[in-house]
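**Student:** Could you put together the complete structure from these sequences and hints?
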Amino acid sequence: MQFYSRRKKLIGNSQTEQLYGHCLQFYGQPPIENISLSEFETFAVDRLKLLKTVENLGVSYVKTSEQYTKKLDVEFSNLNFPYKIEADDRKPQTGPSEYEKRRKDHISHFILRLAYCQTEDLRRWFIQQEIDLFRYRFKDLPSKNITEFLQYNNLHYHTISVDEKTNLMEKLIKSSFAVSGSTVDCQDFYKVPFQDALDLVRTRKVYLKGGYVYIPHQDVVTIILNDFRTRLSKALALTARSLPAVQSDERLQPLLNHLSHAYVGQDYSIQKSIGKISLEQIDPLSAKSYPLCMRQLHRGLRDSHHLRHGGRMQYGLFLKGIGLTLDQALQFWRSEFVKGKVDADKFDKAYAYSIRHMFGKEGKRTDYTPYSCMKVILSNPPSQGDQHGCPFRHSDPELLKQKLQSYKVSPSGISQILELVKGMHYQLACQKYFELTHSIEDSGFSLNHPNQYFMESQKLLGGPGAGVKVEVKREDNPATKPPHQTSGPGNLPQEVAAEITEDLDSFFQDA
Amino acid sequence: MSDKELRASLPDLLPLYYHRLFPFSQYHRWLNYGGVTKNYFQNREFSFTLKDDIYVRYQSFSTQNELEKEMQKMNPYKIDIGAVYSHRPNQHNTVKSGSFQALEKELVFDIDMTDYDDVRSCCSGADICPKCWTLMTIAIRVLDRALRYDFGFQHCLWVYSGRRGVHCWVCDEAARKLSVAARSAVAEYLSLVKGGEETVRKVVLSDPIHPFITESLTVVERYFPQYALLGQDILGSKEAVDKVLALLPEDVRKKLLQYFQTERNPEMRWKTLKSMAQDKRTTAKKGHYFEMEIMLQYCYPRLDVNVSKGVNHLLKSPFSVHPKTGRISVPIDLKELDRFDPFDVPTISLICKELDQPKTEKEQEDTMENENEKEAGEQRKRRDYKRTSLAKYVKLFDKFLEGMAHSRKGELLKNSDLQKNF
Chain B
1 MQFYSRRKKL IGNSQTEQLY GHCLQFYGQP PIENISLSEF ETFAVDRLKL
51 LKTVENLGVS YVKTSEQYTK KLDVEFSNLN FPYKIEADDR KPQTGPSEYE
101 KRRKDHISHF ILRLAYCQTE DLRRWFIQQE IDLFRYRFKD LPSKNITEFL
151 QYNNLHYHTI SVDEKTNLME KLIKSSFAVS GSTVDCQDFY KVPFQDALDL
201 VRTRKVYLKG GYVYIPHQDV VTIILNDFRT RLSKALALTA RSLPAVQSDE
251 RLQPLLNHLS HAYVGQDYSI QKSIGKISLE QIDPLSAKSY PLCMRQLHRG
301 LRDSHHLRHG GRMQYGLFLK GIGLTLDQAL QFWRSEFVKG KVDADKFDKA
351 YAYSIRHMFG KEGKRTDYTP YSCMKVILSN PPSQGDQHGC PFRHSDPELL
401 KQKLQSYKVS PSGISQILEL VKGMHYQLAC QKYFELTHSI EDSGFSLNHP
451 NQYFMESQKL LGGPGAGVKV EVKREDNPAT KPPHQTSGPG NLPQEVAAEI
501 TEDLDSFFQD A
Chain Y
512 MSDKELRASL PDLLPLYYHR LFPFSQYHRW LNYGGVTKNY FQNREFSFTL
562 KDDIYVRYQS FSTQNELEKE MQKMNPYKID IGAVYSHRPN QHNTVKSGSF
612 QALEKELVFD IDMTDYDDVR SCCSGADICP KCWTLMTIAI RVLDRALRYD
662 FGFQHCLWVY SGRRGVHCWV CDEAARKLSV AARSAVAEYL SLVKGGEETV
712 RKVVLSDPIH PFITESLTVV ERYFPQYALL GQDILGSKEA VDKVLALLPE
762 DVRKKLLQYF QTERNPEMRW KTLKSMAQDK RTTAKKGHYF EMEIMLQYCY
812 PRLDVNVSKG VNHLLKSPFS VHPKTGRISV PIDLKELDRF DPFDVPTISL
862 ICKELDQPKT EKEQEDTMEN ENEKEAGEQR KRRDYKRTSL AKYVKLFDKF
912 LEGMAHSRKG ELLKNSDLQK NF
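Protein chains in written order, with my numbering: chain B, 1 to 511; chain Y, 512 to 933.
Just so you know, these hints were derived from the structure itself, not from any lab. We put the CB at the ideal spot given by N, CA and C, even for glycine. Heads up, some of the hints might be wrong.
[Stated by the list, open to error] Derived list of chain Y stretches under chain B, where covered just means 3 residues or more per stretch with a C-beta under 8 Å from a C-beta of chain B:
hint, region
1, 617-627
2, 708-721
3, 726-740
[Claimed, not checked] Dumping the calculated DSS-like pairs for lysine-lysine here, alpha-carbon to alpha-carbon at most 25 Å:
hint, chain 1, residue 1, chain 2, residue 2
4, Y, Lys-796, B, Lys-171
5, Y, Lys-785, B, Lys-174
6, B, Lys-174, Y, Lys-796
7, Y, Lys-782, Y, Lys-796
8, Y, Lys-562, Y, Lys-835
9, B, Lys-234, Y, Lys-796
10, Y, Lys-925, B, Lys-191
11, Y, Lys-607, B, Lys-209
12, B, Lys-174, Y, Lys-562
13, Y, Lys-713, B, Lys-205
14, Y, Lys-797, B, Lys-174
15, B, Lys-171, Y, Lys-607
16, Y, Lys-688, B, Lys-205
17, B, Lys-205, Y, Lys-820
18, B, Lys-234, Y, Lys-688
19, Y, Lys-754, B, Lys-191
20, Y, Lys-705, B, Lys-174
21, Y, Lys-688, Y, Lys-925
22, B, Lys-209, Y, Lys-925
23, Y, Lys-820, Y, Lys-754
24, Y, Lys-688, B, Lys-209
25, B, Lys-174, Y, Lys-713
26, Y, Lys-782, B, Lys-205
27, Y, Lys-797, B, Lys-205
28, B, Lys-171, Y, Lys-791
29, B, Lys-209, Y, Lys-846
[Stated by the list, open to error] Pairwise CB distance ranges (calculated):
hint, chain 1, residue 1, chain 2, residue 2, range
30, B, Ala-178, Y, Gly-707, 30 to 38 Å
31, B, Gln-29, Y, Thr-548, 24 to 32 Å
32, Y, Asn-604, B, Arg-229, 30 to 38 Å
33, Y, Lys-797, B, Gly-210, 53 to 61 Å
34, B, Leu-399, Y, Lys-584, 56 to 64 Å
35, Y, Glu-913, B, Asp-140, 47 to 55 Å
36, Y, Gly-707, B, Lys-70, 49 to 57 Å
37, Y, Lys-906, B, Gly-210, 24 to 32 Å
**Tutor:** And the structure:
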């Protein structure tokens with residue numbers, strides 16, 4: 001405690017003390033201080049990792065279960081974000097102080113707003129993860145802190161007195177199936193303006209008097225979450241409007257773009273199984289171990305002997321990721337294109353170059369990385385005549401259904417998949433497709449990369465593409481400056497830094 | 512006056528109405544809402560139905576005077592009120608697409624007698640009679656109570672639609688600012704009768720019975736014996752009884768059919784039905800509320816959610832003339848609700864005739880007093896409605912406006928106290 005208050009005197013003026021007076025916040029006020037570019041990057045990437053963890057855990061576990069909470073706790077402390085309010089106050093400080101953690105929480109949120117405000121899909125993802133994060137942090141807040149939090153944020157949710165509770169007891173019990181006599185006795189009840197609890201009003205599941213609904217503590221969380229969602233949604237819309245000004249800062253533009261398409265984790269760029277797959281195996285492999293997007297691309301290529309640029313990139317890099325060599329790739333594409341309208345000469349002149357480019361043998365000689373699910377889903381949506389993209393995201397549900405039927409997926413399986421698609425859980429839908437086509441109950445992994453799908457499938461089937469030791473790339477501090485500039489403290493090794501920026505460049509080239 | 516006769520005379524009556532009877536001053540006072548929000552009146556959409564069914568939307572006016580002049584020029588057969596927009600509706604074409612938005616509007620409800628055709632035996636379609644008018648009385652009582660006590664709204668204007676229903680305009684500031692989602696939620700909260708032609712049992716109650724339902728039932732129960740058992744005779748003829756029995760569980764239906772063979776009196780029949788429901792509740796595990804369901808199905812207000820949902824929805828204006836009946840859409844006095852008679856509501860031809868009546872002595876005196884004032888002539892013209900049956904309804908409207916003005920003052924005081932202005 002002593003240590004903490006000394007730090008307070010050192011760092012905070014009264015304004016900042018007030019700003020971070022609570023471990024949880026609504027992110028109403030943007031930060032107004034100067035920070036270094038490296039802190040900017042670090043904070044942003046750490047938060048992104050946190051949100052991705054939230055996303056992955058949310059896919060694998062029920063959001064309020066113990067396993068979920070425990071795993072998220074670990075990630076929180078690893079990444080130095082504030083979570084449990086009392087815990088830090090009593091222990092002696094090692095590492096960043098509570099204040100610093102809260103500041104990081106605050107700033108990183110706003111940076112990611114910049115990166116995630118531009119499209120509907122990005123906004124939706126960001127809001128969903130931030131809400132799950134908020135819910136997790138709010139769940140364990142003691143009652144006193146909740147009251148503080150409400151006051152802090154001008155939420156006019158007041159608890160009612162014990163007397164009032166007694167008077168209304170009968171009516172409260174009659175209003176909701178979930179409310180019993182003991183609920184009224186034991187829990188705090190909040191008086192909330194009915195406009196903030198529309199779902200409860202609409203279904204008449206709550207007591208309403210004088211324009212206020214009376215909600216037990218357990219349900220206040222839902223209300224607050226909805227409030228948070230509304231605020232964040234509005235804020236993102238506003239942010240999008242002021243984004244051009246921010247993007248014109250050339251220091252920030254690459255990083256922001258990178259953040260919104262970042263795939264933090266394995267990137268399947270270095271394959272130890274290189275050369276282990278023969279071209280004859282590709283057709284059967286496409287039916288057994290390809291994710292639906294690649295199966296569709298392969299089918300499209302075989303049928304029309306051609307793929308457009310977006311398709312060539314997505315599929316070509318995937319093939320590289322599963323272990324095809326450059327020579328194999330050239331042979332594969334040439335043999336197919338030549339069956340179509342392209343003769344061998346034209347192929348060598350026009351298409352071979354770009355395949356070699358993909359393998360890093362041309363131009364800047366960068367080895368491009370295969371696209372992650374996030375990238376496939378979010379960027380470069382297919383238009384008429386295109387075969388690329390994510391079928392769960394981009395295909396008409398009717399066509400998707402037909403395709404799945406033609407691949408002999410069971411009707412119940414298809415409806416499960418379509419349900420997930422309706423809920424916009426595209427990667428979960430693909431995972432379900434994995435489970436159905438491999439006849440297993442639980443895939444055992446959290447899908448976020450087409451090559452991961454392939455690898456997991458091969459592992460299951462004991463095929464040649466399995467048993468791959470893939471280097472895990474941890475992007476700790478991505479460089480914001482292009483490689484030729486001097487690297488600051490804590491930057492990535494040159495090679496990876498180059499890769500990241502080249503990834504960005506390729507991103508622009510693809511368009 | 513028949514439909515055809517009315518239609519023939521409207522071109523003569525309407526100009527008279529708009530020149531000498533329509534209460535423009537009160538109307539403007541209402542829609543201006545104390546001038547608290549800038550351009551509130553100017554950005555309000557009106558729509559007019561003109562002669563030969565020509566419909567014009569996005570009408571808006573800068574001042575009361577402009578409103579008067581335009582209406583006197585156009586002589587609308589029907590006037591609708593829409594939302595307050597972000598810009599003047601009559602300039603909406605000049606606004607960048609996407610920017611022209613409906614911002615606020617009163618929360619409104621429309622209760623139409625035709626929605627009760629499956630449960631009233633006296634009339635159907637556009638017809639109404641004193642017997643089924645009770646349904647409107649019940650509707651107003653139930654909804655007004657709920658809007659006031661459950662939702663906390665204080666300024667609800669109930670208006671006779673002119674033919675077969677009533678409208679409610681909830682004018683509180685909070686109501687005007689409600690989103691589409693909120694309006695829809697309010698309407699759903701207030702809805703108990705669900706289902707169309709193919710649904711037999713339109714009210715389904717289960718535990719726990721929400722206080723709102725209990726309160727509403729209290730209102731319905733007051734009118735039920737007189738209205739349903741006596742007036743509509745729902746337990747009288749075989750046909751009517753069958754309809755009621757169709758809403759009951761199998762075993763109860765059988766028992767009652769048998770019992771009805773000997774018992775003819777509707778009140779006794781109902782009493783037995785009720786006690787059977789109560790018995791079932793004490794013995795069976797889950798709640799059986801069929802006697803309540805029947806009362807609600809036959810009497811509970813049926814509102815059109817779509818009318819209430821939209822912020823930009825246009826609804827017939829108070830003091831508009833109904834082109835088929837000639838009746839004026841007048842405010843309803845809730846204090847005298849049980850005495851309200853839709854057939855007594857003044858028609859445009861009646862009040863125009865009353866205008867021609869020679870002045871009574873009292874009126875002579877009044878005008879003489881005012882002769883000394885500068886704008887006596889103007890004032891005389893404006894207060895012509897006072898000589899007609901329209902007077903008491905305008906007075907009612909005045910009281911309503913007073914109430915709102917009072918609230919506004921209260922709000923201002925409260926706010927200035929909060930800001931410590933003295």
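**Student:** Against each hint, give a clear statement of whether it holds in the structure.
**Tutor:** Now for the hints, and whether the structure bears them out:
{"no.": "1", "hint": "617-627", "verdict": "violated (count 0)"}
{"no.": "2", "hint": "708-721", "verdict": "holds (count 4)"}
{"no.": "3", "hint": "726-740", "verdict": "violated (count 0)"}
{"no.": "4", "hint": "Lys-796/Y <-> Lys-171/B", "verdict": "holds, 22 Å"}
{"no.": "5", "hint": "Lys-785/Y <-> Lys-174/B", "verdict": "holds, 22 Å"}
{"no.": "6", "hint": "Lys-174/B <-> Lys-796/Y", "verdict": "holds, 17 Å"}
{"no.": "7", "hint": "Lys-782/Y <-> Lys-796/Y", "verdict": "holds, 23 Å"}
{"no.": "8", "hint": "Lys-562/Y <-> Lys-835/Y", "verdict": "holds, 13 Å"}
{"no.": "9", "hint": "Lys-234/B <-> Lys-796/Y", "verdict": "violated, 48 Å"}
{"no.": "10", "hint": "Lys-925/Y <-> Lys-191/B", "verdict": "holds, 21 Å"}
{"no.": "11", "hint": "Lys-607/Y <-> Lys-209/B", "verdict": "violated, 42 Å"}
{"no.": "12", "hint": "Lys-174/B <-> Lys-562/Y", "verdict": "violated, 54 Å"}
{"no.": "13", "hint": "Lys-713/Y <-> Lys-205/B", "verdict": "holds, 20 Å"}
{"no.": "14", "hint": "Lys-797/Y <-> Lys-174/B", "verdict": "holds, 15 Å"}
{"no.": "15", "hint": "Lys-171/B <-> Lys-607/Y", "verdict": "violated, 50 Å"}
{"no.": "16", "hint": "Lys-688/Y <-> Lys-205/B", "verdict": "holds, 24 Å"}
{"no.": "17", "hint": "Lys-205/B <-> Lys-820/Y", "verdict": "holds, 20 Å"}
{"no.": "18", "hint": "Lys-234/B <-> Lys-688/Y", "verdict": "holds, 17 Å"}
{"no.": "19", "hint": "Lys-754/Y <-> Lys-191/B", "verdict": "violated, 43 Å"}
{"no.": "20", "hint": "Lys-705/Y <-> Lys-174/B", "verdict": "holds, 22 Å"}
{"no.": "21", "hint": "Lys-688/Y <-> Lys-925/Y", "verdict": "holds, 20 Å"}
{"no.": "22", "hint": "Lys-209/B <-> Lys-925/Y", "verdict": "holds, 22 Å"}
{"no.": "23", "hint": "Lys-820/Y <-> Lys-754/Y", "verdict": "violated, 32 Å"}
{"no.": "24", "hint": "Lys-688/Y <-> Lys-209/B", "verdict": "holds, 19 Å"}
{"no.": "25", "hint": "Lys-174/B <-> Lys-713/Y", "verdict": "holds, 22 Å"}
{"no.": "26", "hint": "Lys-782/Y <-> Lys-205/B", "verdict": "violated, 31 Å"}
{"no.": "27", "hint": "Lys-797/Y <-> Lys-205/B", "verdict": "holds, 18 Å"}
{"no.": "28", "hint": "Lys-171/B <-> Lys-791/Y", "verdict": "holds, 24 Å"}
{"no.": "29", "hint": "Lys-209/B <-> Lys-846/Y", "verdict": "holds, 23 Å"}
{"no.": "30", "hint": "Ala-178/B <-> Gly-707/Y: 30 to 38 Å", "verdict": "holds, 31 Å"}
{"no.": "31", "hint": "Gln-29/B <-> Thr-548/Y: 24 to 32 Å", "verdict": "holds, 28 Å"}
{"no.": "32", "hint": "Asn-604/Y <-> Arg-229/B: 30 to 38 Å", "verdict": "holds, 35 Å"}
{"no.": "33", "hint": "Lys-797/Y <-> Gly-210/B: 53 to 61 Å", "verdict": "violated, 32 Å"}
{"no.": "34", "hint": "Leu-399/B <-> Lys-584/Y: 56 to 64 Å", "verdict": "holds, 58 Å"}
{"no.": "35", "hint": "Glu-913/Y <-> Asp-140/B: 47 to 55 Å", "verdict": "holds, 53 Å"}
{"no.": "36", "hint": "Gly-707/Y <-> Lys-70/B: 49 to 57 Å", "verdict": "holds, 52 Å"}
{"no.": "37", "hint": "Lys-906/Y <-> Gly-210/B: 24 to 32 Å", "verdict": "holds, 29 Å"}
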